[in-house]
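Could you put together the complete structure from these sequences and hints?
This note's numbering puts the first residue of the sequence shown at 28, with every later residue one more than the last.
Hints may contain errors.
To be verified - Derived BS3-like pairs: lysine-lysine, alpha-carbon spacing no greater than 27 Å straight-line: (1) K111 x K137; (2) K217 x K129; (3) K254 x K137; (4) K148 x K137.
As the list claims (entries may be wrong) - Distance windows between CB atoms, simulated: (5) A367 x P102: 37 to 45 Å; (6) A298 x I255: 20 to 28 Å; (7) F145 x Y114: 18 to 26 Å.
None of these hints come from the bench; they were simulated from the model. Virtual Cβ for every residue (Gly too), placed ideally from N, Cα, C.
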Amino acid sequence: MGTRHPFGLTLGSLGTTPNWPHLGMPLMVLAWLATLSSTTIGTRIWYEAGSVLRMLEGYITLPSRPKEDGWLWLPAPNGHVSVKLAYRVVKNLQGNLDSDSKWRFVWGAKMHNRLKFFWWKILSYNLLTKERLITIFPGMDTLCPMCSLAIESSLHLFWECEYARAIWFGCSWQMRTSTTSFSSWDDWLKWFSIPQNRLGWIMCNSDISIGKTQSAGAVIFRQEDNKIVKIVTFLSNYCDPLPGELQAICEGAASARLLGYKNVIFFSDSAAAVDSIRNARSNLSKLHHNLRDLITNLVEAASALSNWETHWTPRQHNGVAHALARWANRNNHFGVFDLADFDGSL
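Written out as structure tokens, the structure reads:
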């Protein structure tokens, strides 16, 4: 048995002949068709089951309506030849390889095509840094011209160099590249593929529910598209709304740090709590000691975040957090949950 080729035939009913790749092909096909056995009933030709099976194995398809004969490129659903699919067939590549997913991530990014091309040069190690040029010009200086502390590789130049770190932290993203370490761009891409590590804001709504015998709070983390990603409930020792609301925001900051979120906006329906946080930087000593300790804990927990803000939101926009706080207080359910953990009882 020879290698099965990726071409197929479409047999039409108009008496036409496709453009064969070489002169021997028509004779080969005619010889094969001559081996088919058929039975004529009326004006139709009915092929036997074995013949139909051989027809399918021979990559030949029959049309449902009159059409001319032609070629099909079987690896493509539409039957058309493409350089990309031909390359995959020649290289025997599979669609689920890690390298394929890497390049799909690059070329599918929402950025200018020039930036995609530059990103491709970096990830494919084709950028002409000194680390690459030393193989062409032996004996040249390979140290980074910016810091002179390490070999000028693309990873060092754009991520590890002190000047690169200053640029990353000084931009609007305020990324701290010193908190992560990678040995290659592939490791960096795996880290960057995690949504929490990419630029993007997580919204954190919090609220407190004060009952007759105890208090409970709830924190809800949601993405920019309002999809809930994590829920946290906790038992509170406060029976006063203001410190209780501040504690809920503190729990949100502490949970955000544990969950690995970097850019968080904290929403609370307590205007007094939000104002206390905003005024604490200049008037911390004037606050009540209970509030002062809570705000100090909040700032300490939020110091691990890259960016964070506090905003007031109306009660009607904080209804889910309020309902969860009441649910946790009523059922004594505290901890970290996913949305799928809740049933219709909520």
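Evaluation of the provided hints:
1. Among the hinted pairs, K111 with K137 is consistent with the structure: their alpha-carbon atoms are about 22 Å apart, no more than 27 Å.
2. Taking the CA atoms of K217 and K129, the gap is about 9 Å. The hint holds against a cut of 27 Å.
3. Restraint check for K254 and K137: the C-alpha separation of about 21 Å stays at or below 27 Å, so the hint holds.
4. A threshold of 27 Å between alpha carbons decides the hint, and for K148 with K137 the separation of about 17 Å falls inside it, so the pair holds.
5. Between A367 and P102, the C-beta spacing of about 38 Å keeps the proposed range 37 to 45 Å intact.
6. For A298 paired with I255, a C-beta distance near 24 Å keeps the hint of 20 to 28 Å intact.
7. At about 23 Å, the CB distance of F145 to Y114 agrees with the hint of 18 to 26 Å.
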